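Chains as they are written, first to last, in this note's numbering: chain A, 1 to 158; chain B, 1001 to 1158; chain C, 2001 to 2158; chain D, 3001 to 3158.
Any given hint could turn out to be false.
What the hints assert, rightly or not - The list that follows gives simulated cross-link-like pairs (lysine-lysine, DSS-like), each with its CA atoms no further than 25 Å apart: (1) K112(A) <-> K3094(D); (2) K1094(B) <-> K2094(C); (3) K2094(C) <-> K1112(B).
As the list claims (entries may be wrong) - Which chain D residues face chain C? A few, computed with CB under 10 Å, are given here: (4) M3031; (5) H3035; (6) R3052; (7) A3053; (8) D3100.
Please keep in mind that the hints were generated in silico from the structure rather than gathered at the bench.
Owing to the predicted nature of the structure, the values given are computational and were not obtained by experimental measurement.
All residues carry an ideal CB built from backbone N, CA and C; glycine is no exception.
Listed below, chain by chain, are the residues.
4 protein chains.
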Amino acid sequence: MARQSIEPSRDPADYAFAHRLRTRFAETDAMGVIHHAAYLAYLEEARVAYLRAIGHPYDEVRAADPGGDTGSSGADSGNGRDFAVLEASVQYRKPLRFDDEVEVALVIGAIKGTTFQIAYLLTVDGEVRATAVTVHGCVDSRGRASRLPSWVGEAFAS
Amino acid sequence: MARQSIEPSRDPADYAFAHRLRTRFAETDAMGVIHHAAYLAYLEEARVAYLRAIGHPYDEVRAADPGGDTGSSGADSGNGRDFAVLEASVQYRKPLRFDDEVEVALVIGAIKGTTFQIAYLLTVDGEVRATAVTVHGCVDSRGRASRLPSWVGEAFAS
Amino acid sequence: MARQSIEPSRDPADYAFAHRLRTRFAETDAMGVIHHAAYLAYLEEARVAYLRAIGHPYDEVRAADPGGDTGSSGADSGNGRDFAVLEASVQYRKPLRFDDEVEVALVIGAIKGTTFQIAYLLTVDGEVRATAVTVHGCVDSRGRASRLPSWVGEAFAS
Amino acid sequence: MARQSIEPSRDPADYAFAHRLRTRFAETDAMGVIHHAAYLAYLEEARVAYLRAIGHPYDEVRAADPGGDTGSSGADSGNGRDFAVLEASVQYRKPLRFDDEVEVALVIGAIKGTTFQIAYLLTVDGEVRATAVTVHGCVDSRGRASRLPSWVGEAFAS
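This is chain A alone, in the form it adopts within the complex (with noise of 0.2 Å):
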């Protein structure tokens, strides 16, 4: 299985990319802080703000990915892909709050075979919150590893 491998940088110059969004009252919990789960959540919304900015929203990318493998004529040609989760580790570093303005920068790193790894970047301000790292493997629409479509690695590159 594949395990994280890359470490987050503090450093926003080191991310390829960056989503702003606002906590959610929903999001609290009783210790008046944003509960650890919804970190997960918040990473994931980025991941689908970055494909969307790279021309690949995931909605396509599950649905069909046409544009993507124009040359597939393997079993799963037209097929959706999931970028499934196998692995995600947060490091909290200061808790975020309710209303709070989050940026989640985010780069790509370790492409490997049939997976990839992202790290982030979660700040305040300025101000570091957290950090995290999430390991994607690609599957086709029953769940079976599938190769990565074939604009990942040039996307991810750039």
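Once you have looked at the hints, place chains B, C and D on chain A.
Only chains B, C and D this time, still in chain A's reference frame:
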């Protein structure tokens, strides 16, 4: 569209089934109580427990429901059904708190065509915390209205 | 107890404010649509955006609201308030899907004593997906009913 | 900052406690499996069940924990504590599905100063679905690092 037409009783004796669950810390909010959106997941958990108790687990209903429609030869034979939520309403009477053991009582009512309604009473140690009603429509795997499985009327009437 | 007494219009022109948000993948369910409980978080996000837009951010309302009650000398002066949810009801008319850009329009109505109601209209590209009503009660930091801040009537009437 | 230093075993015999729960439909996503963020709530539910089982319910820990620190005379005496999550990491090995009955086994490890770690093994019918580690820091009601209650070392060592 179906509209809520039943009124949830505050007397536990008026309910057909009761499911117990414990609130989670993840479901609290910064007001120190259970966030109001979590109640909808509690209602759903109770519905699922009820279907299991009457011998029609929801994953079977969704997968194929072979025991429910043996005579079916329609276009959707062999397909599962979902009990889509058409309407939900909750009255929050007294807050639920972290680690509360909640009894969610429910009773089916107002079966009409492809829809039915469920009334709920949420109590902790016999004290009313909330009442609720959900309105459901039976749909096939493509989301189209579908007649209720034959067992529904019988099961719900008992 | 306060009860929903207003009926949400399906005409966007009847609403005072609109907030746009994008559904998350984390909010989908195995039916392939947005889970019905997520709508309550959308309504809340729109309420919070509205309070910010009219100059009374909810975190200030919760913290102390000094700008709202300068003349207050009551037992709870200097204390914050919460707009607790007393009742919520949603009518799901057409499913929301992953990555939909949703416009959540809202309008305040039926201010009575310490309570008020809000009607909502959720649309995607002008098409109605859901309507909703929430009933709120103003409470102090101990959860006791508290009179509405003076700015509420004025702000909501405009 | 504390960092994960323990590796979760895949042998149930290595764990001190096991909690059973059932996945909810609300926790599924459009891939038809349990969304990866829900696992963090499962880990938390198991932690809370464990604290209850060893006689230190988390709501008492949070409220005051009088039985745990009778000799305390520090500035925070009489105040509760939280076991804040400093780090969480999950390895998803095989998807959980709707209505799965999950056994969440856990064991405490690496108690150091004000922090401790927990390893988790999630299985369904004996089959491994995920492993995880959380790192916790003991904090007082203001979020400042606070020494661990005296019962922690004893309880966790047994």
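Status of each hint after checking the structure:
Between the alpha carbons of K112(A) and K3094(D) the distance comes to roughly 20 Å, so the proposed pair stays at or under 25 Å and holds. Restraint check for K1094(B) and K2094(C): not satisfied, since their Cα atoms lie roughly 32 Å apart, outside the 25 Å limit. Only pairs whose Cα atoms come within 25 Å are accepted, and K2094(C) paired with K1112(B) is accepted, the gap being roughly 20 Å. With 10 Å as the threshold, the beta carbon of M3031(D) comes within range of chain C, its nearest partner Cβ sitting at about 8 Å, so the hint holds.
With a least beta-carbon distance of about 6 Å to chain C, the hint placing H3035(D) at the interface is held under the 10 Å criterion. Annotation: interface hint on R3052(D) violated; nearest CB of chain C at approximately 25 Å, more than 10 Å. Hint on A3053(D) is violated. Least Cβ distance to chain C is approximately 30 Å, over the 10 Å limit. Nearest Cβ of chain C to the Cβ of D3100(D): about 12 Å, over the 10 Å cut. The hint is violated.
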